[in-house]
Amino acid sequence: MTLNWKYIGRRFGQMLLTLWIIATILFFVFRLMPGNPLTAYIDPNFTKEQQEILLEQFGLDKPLFQQYLVFLLNLLQGNLGTSFVYRDDVLRVVARVLPNTLYLMLFSLIIAYVVGVLGGILLALLRGKKGETVGIILTLFTRSAPQFWVGMLVLAIFSFRLGWLPSSGTGPAGVTYASEWAKFTSPVFWKYMLLPSLTLAIYLLGLPLLLMRTNMVETMEESYVTIARMRGLSERRVMLKYAARNAILPVVTAMAVGFGYAIGGNVVIENVFSWPGLGRLLVDAVTMSDYPLAQGAFLLAAAIMVFMNFVADLLYSVLDPRITVEDMG
Amino acid sequence: MIEMTSILEFFRQDKFALVGAIIYILFILVALFAPAIAPYDPQEMVRVDGRIAFNREPEKNFKLGTTNMGRDIFSQLIYGARPALTVGFTAALFVMVVGTVVGLVSGYFGGKVDSLLMRLTDVAFGIPFDPFVIVLVSFLGPSIWNIVLAMALLLWRDTARVIRSQVLSIKKRAFVEAARVSGASHSRIIFSYIMPNILPLSLLYGSLAIGWAILTEAAVSFLGFGDPSSISWGYMLHDAYVSQALSRGAFYWMLPPGICIMLLVMAGFYISRGAEEVLQPKLRSM
Amino acid sequence: MSLLDVRDMRVYYKTKKGIAQAVDGVSFSVEPGQSLGLVGESGCGKSTMVNGIIRVMAKNAFIPSGEVLFDGQDLTLLPEKEMRNVRWRDLSLIPQAAMDSLNPVYPVEDAFTEVLTLKGNMTKKEAHARTVELFTMVGLDPDRLGNFPHEYSGGMKQRAAIALALALEPRLVIADEPVTALDVIVQRQVLNELKRLRSELNLALIMITHDISVVAETCDNIVVMYAGKVVEKGSTQEVLENPLHPYTMGLENAFPDPRQQDKELISIEGSPPDLVNPPSGCRFAPRCPFAMERCLAEEPPYEEVDEEHQHGAACFRLSETLKLQKLAKEVETWQPA
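Protein chains in written order, with this note's numbering: chain U, 259 to 587; chain G, 21 to 306; chain H, 4 to 340.
What the hints contain is simulated information worked out from the structure, not anything from laboratory work.
Note that the Cβ used here is the ideal one computed from N, Cα and C, for glycine as well.
Some clues are possibly wrong.
[Stated by the list, open to error] Just a few of them, taken from the derived set where beta-carbon distance is under 8 Å, the chain U residues facing chain H:
{"#": "1", "residue": "Ile485"}
{"#": "2", "residue": "Arg487"}
{"#": "3", "residue": "Arg489"}
Based on the provided sequences and hints, a complete structural model is requested.
Have a look at this one:
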């Protein structure tokens, strides 16, 4: 598999540019705040002295452009301010919960894409039969039902009524894990992650499934598929190596869109299941007017998103030897 | 161009689209005639025998029961169609207009304009949608129009990319080349040749956007940033969640709003699926 | 015994409008090492029949009757699993030049390796050696084996397709319009290649084309098809110099002949019939300048006229061949009535 380094470099550069623009937008959005722009950084509950120290530290008494430079400088150093509520460095607060979000998101994405792609192939093979219509309708259900609602129902049934699975958190109340690794490898953790990730996966699988199906239906008609059959290759080989392998390419491109849904979905799911991740942190921060924390959480979410887009682009360029730099726009 | 007869024909042929259209019409009618259909005002704390009817299960007077604040769920459900459709159509309009214009200008003029607009689109894609809406709404205040604005700022991105793609391929076609060579002005080429060919795609994404917008508004309301003066279905679910409807198993409260959202969004998908096959057999994303 | 003996083969399609009789009772045979040209205009059923022989057909196509005897074995009766064995090992196909016949996301060599290891029982190393051999044989540079199909030119892709068809040393190769989409120079190269390979490997070849000039130089025998039926068969020389069927006469008129510089090109007016509702009687009759009433009512049976060259046609006016041939050369004959 050849890697087009020029392309990768270009996309990486674009990624950084995008991140910078987003940070800038964030800077101005938080300045738009109704009321005193200072409240973005300074808790009104601080003493006057503390406020003045912070004022200087963030350059809030200086002209806008200088503030912006200070902001950028701080950003590059990893200084996202101090959380009002947690009284701790924003980056640290966020970093504590980030792994939970990543586990949830990645796990859900993997399930969603595996099930989605396989389901898409299955539906394509069922073309013209009754099963196809049923399959499509079911899939559309998953795309139209709000995930938080599905989460609510799932909780009401499996957690509250049947008591099979826990309803919130990453572990039983009062229990903390010894380390990240201990958490990741603990079966208890996975038990807690099961419902939220399945709920998220249900929502996410619609896109890859329908897309894969559409593509499969198209590729199955391609001449290289028919001719592969004429070469006396087994039907399974023809369907997988020739049809599916080509059909999956646009699904990978669309992965960027999928990631977008995943992050958005995460926010909601984390709140329904009280999963201590980035999404819940963001909502809590916004609700409690903890602006530095909200800003930090949002920025991180954006960074993840932009990075995932980049990864999706990379993946596509590796899988499809035909694309050129121009194609990606 | 799209004509009346071909639209009707399209609906008749595609059963999915027909069902979708019927669902839409039903909801629109419900929204329009809400005051006539709903037995109570959705905000009214109803009383039975002088006492507020908290958390009633479905019965004769309260077809779907009442909330923990004593409000009739059925009435709320009926009135909930209004914010849903309002948000849906307005956001969709924005998406269509902005997305199409950006995609058109970008694809047609190319060069620096294209680069600039595409970088802008990249940024729009880089911003996570739901978090952005949440943050913006929390700043601007929980009004339904703020939600629409927040959505409109980002939602045009998919449309822009797809329209741009389409414009690029139309531009290459012989008849456009011919028009350019014979000296047709830009606006003439755009309006006579390109627009008719991208309008269907625009409409398609517009109808998809209705669904996205409704789902987003529901999510935002559910998280507590919704507009309490117009009780949307998402808001109803927020209400249910925070009043422990889950643990009480109050399915009469939890199911209906979600089902309504699902039906309306699905109706949009049904229509756009049918349109997708007719207009753009090569269309990729959903 | 012939290598391939097609007897009264039919291939029909189920369509919304009815059953299309795309191939309706076609018979011909190919001897080992021989080359047969299958000629006819688009839609006459040539490709359908070939797809039927190799049994990779559209979902709505089926073989209602007929036999396809390959080395005495009826391919139409074979279960799919065994048919898969026959494919590519005993008979293979060179697809139309315009078609993408290779998987776009794998290097060109992969198609060869796949077929050689899975069906040829070779190890990867052996497969590679053989692939290099095949590439050299068709005049392609083995260094380009690692390239992807989109990096090949049209001519190169076609040559690769030829090489691939020969990979397992089949005894019969069917070439479906192998050169139609190529420019003249490349056409020449590919045709020469095929000729050379045939003589080196004693390959039997069925060449499908609508270009008579290609057939003229590559094939020993010709089968002329029209609307799903065989209208004339025989050795190439005989058929071209002494066409028995009005359709064949018409076809010759439509092609330039370097020997007759000022030959006027005459085309046959009209279009092929609807195969769902074919005309009763001779299917060519509606367009035939020599049609009699009998032709429109009854279907003419195939009659062999020259045993030595196995030359024959399906026409009621075989006795008047010389007269018809003369008339056929004049422009007025073919003017619409």
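Comparing the hints with the structure gives:
1. Hint status for U/Ile485: holds, given a least beta-carbon distance of 5 Å to chain H, under 8 Å.
2. Below 8 Å, beta-carbon pairs count as interface contacts, and U/Arg487 has one with chain H at about 5 Å; its hint therefore holds.
3. Hint status for U/Arg489 relative to chain H: holds, with the closest Cβ pair at about 5 Å, below 8 Å.
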